[in-house]
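Asker: Sequence lines, in order, name chains H and W.
Throughout the first sequence, residue numbering follows this note's numbering, covering 1 to 322 in sequence.
Throughout the second sequence, residue numbering follows this note's numbering, covering 1 to 295 in sequence.
Hints are supplied without guarantee of correctness; some may be wrong.
What the hints assert, rightly or not - Here are the simulated lysine to any residue pairs, SDA-like style, with alpha carbons at most 25 Å apart:
#, chain 1, residue 1, chain 2, residue 2
1, H, K316, H, D249
2, H, K68, H, E55
3, H, K143, W, K134
4, W, K2, W, D50
5, W, K170, H, K164
6, H, K69, W, S159
7, W, K90, H, N94
8, H, K111, H, N84
9, H, K164, W, K28
10, H, K316, W, K134
11, H, K256, W, K271
12, W, K140, W, S284
13, H, K256, W, D38
14, W, K245, H, V286
15, W, K2, W, D101
16, W, K218, H, N84
17, W, K218, H, D184
18, H, K80, W, K90
19, H, K99, H, D184
20, W, K245, H, L215
21, H, K292, W, Q250
22, W, K140, W, T37
23, H, K68, W, R208
24, H, K303, H, V276
25, W, K28, W, R139
26, H, K303, W, K218
27, H, K164, H, E55
28, H, K99, H, P125
29, W, K134, W, K271
30, H, K114, H, K68
Since the hints were made in silico from the structure, they are not lab data.
Listed here are the chains, written in short residue letters.
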Amino acid sequence: METTFKVYRFDPENGSKPDFATYQVDLPDSATVMDGLRQIRDEQDPSLAFRASCERGSCGDCALRINKKGRLGCTLKIAKTVKNGVVTVEPIRNIPVLKDLVYDLESFLWKKIKSVQPWITPRGPEPDGEYVVAEEQLAEVRKAMSCIMCGLCDEGCAVIKIDKDFVGPAALTKAYRAVFDPRDGQHDERLTLVSEPGGVWDCTHCFEANGHCPLGLEPTDRLFEVRDEAIRQGIRSGTQNPKVQRHYDSFLNSVKRSGWLDEGRLAIESEGLTNVAGLAKLLPTVIRAIPKGKAPMPYFHPKRPGAQAIRRIIDKAQRSEV
Amino acid sequence: MKYAFYPGCVSRGACPELYPASVKVTEKLGIEIEEVTDVGCTGAGVLSRDLSDPINARTLAKVESMGLSSLMTICSTCQGVFTQANHRFKNEPEYRQKINDEYLAEEGLEYKGTVEVKHLLWVLMEDYGVENLKPYIKRKLTGLKVAPFYGCYIRRPTSIIAPKGLSGRKTYLEELLDVLGAESVDSSGKSKCCGFPILTVNEENSMRMVSDHTGDAKTKGADCMVTPCPLCHLNLDANQPTAEKRAGTQIGLPIIHLPQLLGLAFGFDEKEMELQRHIVSTESVSRQLEVSIRS
Chain H
1 METTFKVYRF
11 DPENGSKPDF
21 ATYQVDLPDS
31 ATVMDGLRQI
41 RDEQDPSLAF
51 RASCERGSCG
61 DCALRINKKG
71 RLGCTLKIAK
81 TVKNGVVTVE
91 PIRNIPVLKD
101 LVYDLESFLW
111 KKIKSVQPWI
121 TPRGPEPDGE
131 YVVAEEQLAE
141 VRKAMSCIMC
151 GLCDEGCAVI
161 KIDKDFVGPA
171 ALTKAYRAVF
181 DPRDGQHDER
191 LTLVSEPGGV
201 WDCTHCFEAN
211 GHCPLGLEPT
221 DRLFEVRDEA
231 IRQGIRSGTQ
241 NPKVQRHYDS
251 FLNSVKRSGW
261 LDEGRLAIES
271 EGLTNVAGLA
281 KLLPTVIRAI
291 PKGKAPMPYF
301 HPKRPGAQAI
311 RRIIDKAQRS
321 EV
Chain W
1 MKYAFYPGCV
11 SRGACPELYP
21 ASVKVTEKLG
31 IEIEEVTDVG
41 CTGAGVLSRD
51 LSDPINARTL
61 AKVESMGLSS
71 LMTICSTCQG
81 VFTQANHRFK
91 NEPEYRQKIN
101 DEYLAEEGLE
111 YKGTVEVKHL
121 LWVLMEDYGV
131 ENLKPYIKRK
141 LTGLKVAPFY
151 GCYIRRPTSI
161 IAPKGLSGRK
171 TYLEELLDVL
181 GAESVDSSGK
191 SKCCGFPILT
201 VNEENSMRMV
211 SDHTGDAKTK
221 GADCMVTPCP
231 LCHLNLDANQ
241 PTAEKRAGTQ
251 IGLPIIHLPQ
261 LLGLAFGFDE
271 KEMELQRHIV
281 STESVSRQLE
291 VSIRS
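Let the sequences and hints guide you as you build the complete structure.
Answerer: Structure follows, in structure tokens:
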């Protein structure tokens, strides 16, 4: 199959601007995008730089943006992605490029993954032999354990796109793996760590990450598990993130009181009743909303008919969390 | 078919224009709805699922006790939370049983797992039929350039929201706009997050999302944006002035609720659709529609 490859080229050493180069490749229908890149390098341009290792979707080294989607080059067949005879290959987005298709994994991925301390830290005396864990205790985390750290979930992340400091779904999936490992002794410390600014609470839970994971590990669901576990343990703020706790508590108390959300109360209490600067910041929005009838009066919030039953459910659910 | 109607919190709070617009439009189309009042907030993806799942199971049980099997929402966030919870209830009978036993039995309720939850957009496209809307269109939206903005929860997670056989859900807004006579403007943010969920925790990022999405739609020539989600509406409309200020730019893109746009096409006027309540002026949309009618 003859295919045109449009490949991102950039070499900071020669001072030229990034550009696309076009190559013609001829490969069997079963060939992958990686086969195409290899043929280009071996037969047409030995200066083309890209990462590749396992060639079977197990190492995550060849995460690339192929025809505008984050994919693994070694498992994606050309025939599956080719559009009008063309395959466009770029580095993944939002990341410093070192050369051509080789990007800076340290700043993009490793730094963030290391920040959640993705190793198990047992507490108490070491056992005589191995740490023994029953299979069923690890059943849940098995899925996250198979993460290959390709970074494609981060590549698709809507928050990382605008905020490079957000820890991202890849690192939070690693955090999940440790949080739910029964051998770990740093459970609460770990939840506190990921609850700091830039951590789990900065996620919009938009579920983009699920669609980008090549292994179907559903990183957004893993992140929800971490968040729900933090709530169960009463850890919502880290040490520097008090708004998270206030927002959650206000939302919860509102639903507990009236059965539904008191939006005005939520806005005020999330800022903090004594946080004058924070409350002042709300003023322009409130002033714009009042004449339009879009600023519901806080605290004067009518109860829904089912409010009592809902309160009972919440009380019971909270008791079973403890 | 009759639907139980779940209006959600925001259509009775900070977006009070959404509730009457939804009721008027469904009435006009002859879609029978009965509001389920004795129920709580879905948790909006904020409350832990330990708490929100029992509350949502109770709502679905109430729908069953009304003798109905469909619940209509008018909010993508309510829709998403319900769809995900209902997926667990339907696919994990033991979990459903546990919630029934621990939380619902006391009230004499039991959720049997028979309810389908459908956003108004899905009701129109899947049950009512887009062709059947045509006789109600009194004012074609010809010439109006509209950027669809779905929001997250009515699009993802794909495996649950738009599984095989329902993948058309990804383009319902565009199909609907086509029938209404409007032109769809494809903006980069149409299926992205509006930023509302992190408005409190990271306002800077949230506002950046608003200015990026509205700014891109405006640059691409949109006269307005339409959304099926009142939370997206809140961020994109009510917070647009703040986002403009942060980005140091003027955008001024009117954001229209889906039922409002339908209502305008069905011949309701701007006042009946309560467009005057919006923070970003919708006058440019009205002017555009007047031009369309005259021509």
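Asker: It remains to establish, for every hint, whether it holds in the given structure.
Answerer: How the hints compare with the structure:
Distance check on the hinted pair: K316 of chain H and D249 of chain H sit about 16 Å apart at the alpha-carbon level, within 25 Å; holds. Using a Cα cut-off of 25 Å, the hinted pair K68 of chain H and E55 of chain H holds, with the two alpha carbons roughly 21 Å apart. A hinted pair counts as satisfied when its Cα atoms are at most 25 Å apart, and K143 of chain H with K134 of chain W does not qualify at roughly 48 Å. Proximity of K2 of chain W to D50 of chain W is assessed by CA-CA distance (about 31 Å); at most 25 Å being required, the pair is judged violated.
Between K170 of chain W and K164 of chain H, the direct Cα distance comes to roughly 29 Å. Violation of the 25 Å bound is thereby established for this hinted pair. Note on K69 of chain H and S159 of chain W: the hinted pairing holds, with a Cα-Cα distance of about 18 Å set against a maximum of 25 Å. Between K90 of chain W and N94 of chain H the CA atoms are separated by roughly 39 Å; this puts the pair beyond 25 Å, and the hint is violated. Taking the CA atoms of K111 of chain H and N84 of chain H, the gap is near 39 Å; set against the 25 Å cutoff, the hint is violated.
Under the criterion of a C-alpha separation no larger than 25 Å, the hint pairing K164 of chain H with K28 of chain W is inconsistent with the structure, at around 48 Å. A threshold of 25 Å between alpha carbons decides the hint, and for K316 of chain H with K134 of chain W the separation of about 50 Å lies outside it, so the pair is violated. Under the criterion of a C-alpha separation no larger than 25 Å, the hint pairing K256 of chain H with K271 of chain W is inconsistent with the structure, at around 35 Å. About 16 Å separates the Cα atoms of K140 of chain W and S284 of chain W, which keeps this hinted pair within 25 Å; it holds.
The suggested pairing of K256 of chain H with D38 of chain W holds, with an alpha-carbon distance near 14 Å, which does not exceed 25 Å. Restraint check for K245 of chain W and V286 of chain H: the C-alpha separation of about 16 Å stays at or below 25 Å, so the hint holds. Straight-line distance between C-alpha atoms of K2 of chain W and D101 of chain W comes to about 29 Å, which puts the hinted pair past the 25 Å bound. Under the criterion of a C-alpha separation no larger than 25 Å, the hint pairing K218 of chain W with N84 of chain H is inconsistent with the structure, at around 30 Å.
Between K218 of chain W and D184 of chain H the CA atoms are separated by roughly 50 Å; this puts the pair beyond 25 Å, and the hint is violated. Among the hinted pairs, K80 of chain H with K90 of chain W is inconsistent with the structure: their alpha-carbon atoms are about 34 Å apart, more than 25 Å. Of the pairs offered as hints, the one joining K99 of chain H and D184 of chain H is violated, with about 39 Å between alpha carbons and a cut-off of 25 Å exceeded. Distance restraint check for K245 of chain W and L215 of chain H: the Cα-Cα separation of roughly 41 Å exceeds the 25 Å cut-off, and the hinted pair is therefore not satisfied.
Taking the CA atoms of K292 of chain H and Q250 of chain W, the gap is about 21 Å. The hint holds against a cut of 25 Å. Of the pairs offered as hints, the one joining K140 of chain W and T37 of chain W is violated, with about 35 Å between alpha carbons and a cut-off of 25 Å exceeded. Taking the CA atoms of K68 of chain H and R208 of chain W, the gap is about 23 Å. The hint holds against a cut of 25 Å. Taken as a hint, the K303 of chain H and V276 of chain H pair is broken in the structure, with Cα atoms around 29 Å apart against an allowance of 25 Å.
Taking the CA atoms of K28 of chain W and R139 of chain W, the gap is about 14 Å. The hint holds against a cut of 25 Å. Using a Cα cut-off of 25 Å, the hinted pair K303 of chain H and K218 of chain W is violated, with the two alpha carbons roughly 41 Å apart. For the proposed pair K164 of chain H and E55 of chain H, the alpha carbon gap of about 29 Å is over 25 Å, so the pair is violated. Between K99 of chain H and P125 of chain H, the direct Cα distance comes to roughly 48 Å. Violation of the 25 Å bound is thereby established for this hinted pair.
The suggested pairing of K134 of chain W with K271 of chain W holds, with an alpha-carbon distance near 23 Å, which does not exceed 25 Å. Our distance criterion of 25 Å between C-alpha atoms is broken by K114 of chain H and K68 of chain H, whose separation comes to about 28 Å.
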